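Q: Residue-level listing of the chains:
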Amino acid sequence: MNKRLNVTIIGSRGRMGQALIISAQAHEMHITGTIDQGDDPEPAIKACDVIIDFSNHQVTPGIADLAAKYHKTMIIGTTGHSEEESRRVLAHTSEIPIVWAGNFSTGVNLLFYLTKIAAGVTDLDFHPEVIEMHHQYKVDAPSGTAVGLVNALKEARSSTEYKTKHGRQGISGARPVEEIGVHSIRGGSIVGEHTVMLVSNNERIELTHKAQDRSIFADGAMKAAIWANHQAPGLYDMLDVLGLKKQ
Amino acid sequence: MNVTIVGAKGRMGQALIQSAEKNGIKVSAAIDQGDDPEPAVISGDTVIDFSFHNVTPVITKLAAKYKKPLIIGTTGHHIEERNTILSHTNDIPIVWTGNFSTGVNLLYYLTKIAAQVTDSDFQPEVVEMHHRHKVDAPSGTAEGLINSIKEGRNAIKYNVQHGRSGIIGARPDEEIGVHSLRGGSVVGEHTVVFVSDHERIELTHKAQDRLIFADGAMRAAKWAQGKQAGLYDMLDVLGLNEG
Chain A
1 MNKRLNVTII GSRGRMGQAL IISAQAHEMH ITGTIDQGDD PEPAIKACDV IIDFSNHQVT
61 PGIADLAAKY HKTMIIGTTG HSEEESRRVL AHTSEIPIVW AGNFSTGVNL LFYLTKIAAG
121 VTDLDFHPEV IEMHHQYKVD APSGTAVGLV NALKEARSST EYKTKHGRQG ISGARPVEEI
181 GVHSIRGGSI VGEHTVMLVS NNERIELTHK AQDRSIFADG AMKAAIWANH QAPGLYDMLD
241 VLGLKKQ
Chain B
248 MNVTIVGAKG RMGQALIQSA EKNGIKVSAA IDQGDDPEPA VISGDTVIDF SFHNVTPVIT
308 KLAAKYKKPL IIGTTGHHIE ERNTILSHTN DIPIVWTGNF STGVNLLYYL TKIAAQVTDS
368 DFQPEVVEMH HRHKVDAPSG TAEGLINSIK EGRNAIKYNV QHGRSGIIGA RPDEEIGVHS
428 LRGGSVVGEH TVVFVSDHER IELTHKAQDR LIFADGAMRA AKWAQGKQAG LYDMLDVLGL
488 NEG
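Top line first, the protein sequences correspond to chains A and B.
Under my numbering, the first residue of the first sequence is numbered 1, with each subsequent residue one higher.
Under my numbering, the first residue of the second sequence is numbered 248, with each subsequent residue one higher.
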């Protein structure tokens, strides 16, 4: 029996919300709800199999509470959560499967994976820097993807206590070895570009991802929805969905 | 650890001496044309050969005789010279590669993974840039990157297209475009692009100077200490060859 997946989209009026609707239709899913500011999410959540949340950081915890209440799988693409908001959401990972990622594209997740390898193979005199560029309407900095890239760098070089430096200004002193510089460029309609640089005195490696349009994130979210629906409760990311986690 | 350097008077030989000093490694002997290699080989813990294709077999025999690990960066060996060298991989560990830089070998590895993980809607292209005196195109490293792509997608029979010109038709899926830029004093830059309709990945390496090859050779020399007899390359030294 081929049952269509029922999805409810939170944040449907936003740019990502619109892309999610198109992708869900292309994947022949049944859209049980399109929720945004002012709408009551509860009936739409009750009716679905999977919730796809690309809304606002303040909204996610409430949606997660409802997801757990009705035992629904949740896909979270919203970024910029506070520690308290994150904690509230994570409390539900013992009850339902949650795929939580700053970036749902195959390309970016490949970049996370390659970054970990590169940072692990090179030694500390390859200094890490992250550059990200997004459109003029993005409200948070750095991007969720950039945060993910910084985490990938830290995980690969776990014996070093890295400090993140968000932009540099004034006489900041020579660059400490335990620093990761993060630079957030904003302008125009750039969908999303990220570069990780590992630069030594004599050579450098640059790993870049450029997104042409939002369909890559929406398609990845659908891929995650299909995958997560069969998983045990827990916290997952796109590397799990893409099978890029070494056992 | 101390090292014997063969080919000390060349550009790479000089870079090796610099690198040894920087890395706190003692150079027990630095020889070139006209010097007696035997006492030099005896004096070092490891022998590093960046000399000339017809010199390497002699050095290899001596290294095997005195049980010294051997690092070979010399290129352009004839088939008989290759066979002589390979025959001694039963006696000593030999690290043999055309490019000793950590960065480039990392790029080979990352390229292979990227080729494996992405499907054929991600089309591969290679761009390389070198100084105006370079006589061959594309670079040896670019050839290595093309191989990495092919290895990552071994079910596809790729055709390499060196630059494009005229009305050549739409780009076939089984094509890898390679582009060789020449100018100024660029030491060496390589980019692999995987581009789909909606996103792309670009993996780049930029070399500042030849010291990266010398540093890689020193890293290989340290690594080879205590290893079993056999033939190794930089991916082994960097821990990138799965067992």
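Take these hints with a grain of salt, some might be off.
Taking lysine-lysine pairs in the DSBU-like style, the calculated list, with each CA pair at most 30 Å apart, reads [said to hold, decoys possible]: (1) Lys474(B) x Lys359(B); (2) Lys210(A) x Lys453(B); (3) Lys381(B) x Lys453(B); (4) Lys256(B) x Lys245(A); (5) Lys3(A) x Lys223(A); (6) Lys245(A) x Lys210(A); (7) Lys359(B) x Lys223(A); (8) Lys210(A) x Lys273(B); (9) Lys314(B) x Lys469(B); (10) Lys474(B) x Lys312(B); (11) Lys273(B) x Lys154(A); (12) Lys469(B) x Lys453(B); (13) Lys269(B) x Lys163(A); (14) Lys256(B) x Lys312(B); (15) Lys163(A) x Lys223(A); (16) Lys308(B) x Lys154(A); (17) Lys453(B) x Lys312(B); (18) Lys210(A) x Lys154(A); (19) Lys474(B) x Lys210(A); (20) Lys223(A) x Lys469(B); (21) Lys312(B) x Lys273(B); (22) Lys404(B) x Lys154(A); (23) Lys273(B) x Lys256(B); (24) Lys46(A) x Lys3(A); (25) Lys245(A) x Lys223(A); (26) Lys453(B) x Lys165(A); (27) Lys359(B) x Lys381(B); (28) Lys308(B) x Lys453(B); (29) Lys210(A) x Lys404(B); (30) Lys397(B) x Lys245(A); (31) Lys312(B) x Lys154(A); (32) Lys163(A) x Lys314(B); (33) Lys245(A) x Lys404(B).
Read the hints as simulated data drawn from the structure, not as lab findings.
Note that the structure is predicted; figures quoted are calculated from it, not measured.
Q: Given the hint that Lys3(A) pairs with Lys223(A), test it: the Cα-Cα distance must not exceed 30 Å.
A: holds (16 Å)
Q: If you draw a straight line from the CA of Lys474(B) to the CA of Lys359(B), is it 30 Å or shorter?
A: Roughly 26 Å separates the two Cα atoms, so the pair holds.
Q: Next pair to validate is Lys381(B) with Lys453(B); report whether the Cα-Cα distance is within 30 Å.
A: It holds: about 16 Å lies between the C-alpha atoms, which stays within 30 Å.
Q: Hey, Lys469(B) versus Lys453(B), does the alpha-carbon distance stay inside 30 Å?
A: Holds, because 25 Å separates the two Cα atoms, which is no more than 30 Å.
Q: Check whether the Cα positions of Lys210(A) and Lys154(A) lie no farther apart than 30 Å.
A: holds (23 Å)
Q: Do the alpha carbons of Lys273(B) and Lys154(A) lie within 30 Å of each other, as the hint requires?
A: violated (34 Å)
Q: Has the given pair, Lys46(A) with Lys3(A), been kept, meaning a C-alpha gap of at most 30 Å?
A: holds (17 Å)
Q: Hint check: Lys308(B) vs Lys453(B), CA-CA at most 30 Å. Holds or violated?
A: violated (36 Å)
Q: Taking 30 Å as the top limit, are the C-alpha atoms of Lys256(B) and Lys245(A) close enough?
A: Violated, at roughly 48 Å.
Q: Next pair to validate is Lys163(A) with Lys314(B); report whether the Cα-Cα distance is within 30 Å.
A: Violated, because 46 Å separates the two Cα atoms, which is more than 30 Å.
Q: Between Lys245(A) and Lys223(A), does the CA-CA distance stay at or below 30 Å?
A: holds (16 Å)
Q: Please verify whether Lys453(B) and Lys312(B) have alpha carbons no more than 30 Å apart.
A: violated (39 Å)
Figure legend: structure checked against the earlier numbered hints; hints not met, in rising order: 4, 8, 11, 15, 16, 17, 19, 20, 22, 28, 31, 32.
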